[in-house]
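Protein chains in written order, with this note's numbering: chain A, 1 to 174; chain B, 1 to 376.
Take these hints with a grain of salt, some might be off.
[As the list claims (entries may be wrong)] Derived Cβ-Cβ restraints for the label pairs, each shown as a range:
hint, chain 1, residue 1, chain 2, residue 2, range
1, B, THR364, A, ARG59, 34 to 42 Å
2, B, VAL39, A, ARG34, 55 to 63 Å
3, B, ASP298, A, LYS103, 54 to 62 Å
4, B, HIS249, A, ARG120, 53 to 61 Å
No wet-lab data here; the hints were simulated from the structure. The beta-carbon is built from N, C-alpha and C at its ideal position, and this holds for glycine as well.
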Amino acid sequence: MKKFFQNRSLRERLLILVFALIGLSWWAPVALRRLGVFRHEFSNYRTDHETQQLWLSHRTEIETHAATVARTLEPAKMLDASQAFAELSRMTSGLTPEIVSGKTLQSDQFALNNIQITIRRADIKSLVDFYKELSARAPYLGIEQCVLSADRASPGLINAVFHVYSIESLPPSK
Amino acid sequence: MTQANTTVPTSSKRSGGVVFAPGEKFFTRRVSLAPDGDVSAQVELALEGFSPFPASQLYYGFRTNPTRTEALVFAAFRKNFPPEETATWVDATAVLPTFSVWLGANSVQPAGVSLRENGDELEAISWDGRSELPAAVLVRTQEATGRDALVTEARQKAELRADATLKTFRPAVEIAREKQELVLRLGSGGIEARFDEVGLGHADIRDKELLKERRLTSRRDTLLWRGFAAVMIGLAACVVLELGLLAGHFWLSGRKAELDAQAPLAKKIEQTQSVAKRLDEISTQRLLPFEMIDVLNDKRPAGMEFNSVTTNGLWQLDIRGQANSADDTSTFEADARKIPGVEKLEVMEKNSRDRMTVFHYEITFKPGWFQAGGGK
Chain A
1 MKKFFQNRSL RERLLILVFA LIGLSWWAPV ALRRLGVFRH EFSNYRTDHE TQQLWLSHRT
61 EIETHAATVA RTLEPAKMLD ASQAFAELSR MTSGLTPEIV SGKTLQSDQF ALNNIQITIR
121 RADIKSLVDF YKELSARAPY LGIEQCVLSA DRASPGLINA VFHVYSIESL PPSK
Chain B
1 MTQANTTVPT SSKRSGGVVF APGEKFFTRR VSLAPDGDVS AQVELALEGF SPFPASQLYY
61 GFRTNPTRTE ALVFAAFRKN FPPEETATWV DATAVLPTFS VWLGANSVQP AGVSLRENGD
121 ELEAISWDGR SELPAAVLVR TQEATGRDAL VTEARQKAEL RADATLKTFR PAVEIAREKQ
181 ELVLRLGSGG IEARFDEVGL GHADIRDKEL LKERRLTSRR DTLLWRGFAA VMIGLAACVV
241 LELGLLAGHF WLSGRKAELD AQAPLAKKIE QTQSVAKRLD EISTQRLLPF EMIDVLNDKR
301 PAGMEFNSVT TNGLWQLDIR GQANSADDTS TFEADARKIP GVEKLEVMEK NSRDRMTVFH
361 YEITFKPGWF QAGGGK
């Protein structure tokens with residue numbers, strides 16, 4: 001290649017060099033960018049792979065733990081989303097509730113149904129009664145989070161938002 | 001001074017890239033130099049002084065000793081070299097006289113004469129024992145002068161005694177490239193001359209301006225070639241990189257397919273873990289917002305009101321409210337901190353305006369506080 005290059009005239013050599021330089025300056029950044037993208041993808045893959053391996057390697061103990069937890073619960077007392085919705089509607093019958101079903105978290109055996117109840121302008125006694133009735137159904141029905149605030153327009157009345165869960169037993173998958 | 005021989009001139013001999021011009025066509029002289037001055041200019045000036053021809057009509061070169069206090073100048077009348085002979089010099093790496101092997105200037109040689117017989121050519125080199133450079137160089141064809149006559153003449157030129165040592169050499173000159181140096185060496189060893197780039201430029205007998213121009217051209221060509229080579233290496237690296245990326249993507253897509261195939265199972269295990277953990281928490285610990293509020297309410301002064309209460313996890317209450325006096329809030333904070341079930345009370349905000357104090361507390365209860373007696 002050296003002989004080929006040296007045998008060209010100065011003009012030809014300059015042109016070859018300029019074209020090669022243009023080629024390199026166009027190609028090198030593109031290739032480096034692609035390398036960066038690949039490194040990013042590889043890094044993501046490695047993280048995902050490590051996470052997946054971690055879960056897979058703990059499969060037996062997780063399933064054992066889940067089975068142990070399952071034995072402490074009575075399937076008969078569990079409520080699916082519809083039953084929980086109906087039960088909460090019944091408990092809040094004397095109030096003015098707004099009940100919304102939320103996201104469900106589930107495994108092979110169980111599902112945790114989330115329901116949001118918003119009660120406006122309730123007196124404290126009604127709320128306490130609802131709370132007591134809800135607490136009696138624990139741990140199958142319980143409060144995940146609650147917000148209580150005084151109603152500014154009606155002194156003595158309270159607005160409340162409860163994030164409630166219900167435990168549901170799922171039929172064994174085939 | 002040795003005069004150029006006037007016998008039938010022989011032509012230059014080429015060995016590799018180096019052309020050896022017949023030594024018999026050259027006259028030589030060792031001249032003193034001022035070490036700090038420009039060597040080329042001093043040599044040119046000396047040449048003007050001792051040469052019978054102007055420098056423009058000569059092919060000349062020189063070799064300095066290591067300390068640059070002396071130089072051996074060698075020159076030949078241009079007309080002694082026919083155009084067809086000099087035409088072969090154009091692409092040569094260097095054009096040197098045949099006796100260049102004696103110009104090593106490595107160390108001071110003992111006084112005596114070195115005689116080399118090279119075919120029908122005789123080279124007599126006189127050393128006066130005072131310099132690294134020869135005192136005289138005589139080159140003749142054997143036809144033109146006898147061996148003994150030449151040795152006698154060489155001794156006279158260097159003002160040596162008639163019985164001064166004579167060493168005879170026969171081997172041909174070998175040429176080698178070592179690092180950046182051109183090395184001329186007698187086959188028998190011992191005698192060696194090394195020319196670096198500068199030294200070779202000085203010793204080359206071709207027109208100095210032409211040489212300078214050639215050096216510049218050569219430097220430019222080298223620079224262009226190196227630039228081109230670097231760019232080509234860069235392009236080759238790009239090709240390698242692209243091929244590597246192609247292979248990498250192919251490999252990675254295979255690995256990702258494996259990952260995707262196992263993803264549902266991993267997701268299922270993860271969900272099982274989440275549900276089991278949550279169920280574990282639910283069955284052992286419950287959020288007790290009303291019980292927590294009840295405990296705090298007992299310590300609440302009459303002039304203090306809770307406007308909103310938000311649970312944050314199982315054990316934390318976020319309380320915002322107002323009080324008629326700052327004293328009430330201080331009393332509440334002190335009393336609440338004394339509740340056995342309360343782990344800590346943090347005042348996130350407290351402002352007083354128009355005799356009204358607005359507060360924001362974050363109150364954390366101890367895990368399992370209610371089962372341990374409720375903390376009242």
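Here is what the structure says about each hint:
At about 36 Å, the CB distance of THR364/B to ARG59/A agrees with the hint of 34 to 42 Å. Here the CB-CB span from VAL39/B to ARG34/A is close to 57 Å, well matched to the stated 55 to 63 Å. In this structure the hint that ASP298/B and LYS103/A lie 54 to 62 Å apart at CB is violated, the actual value being about 37 Å. At about 57 Å, the CB distance of HIS249/B to ARG120/A agrees with the hint of 53 to 61 Å.
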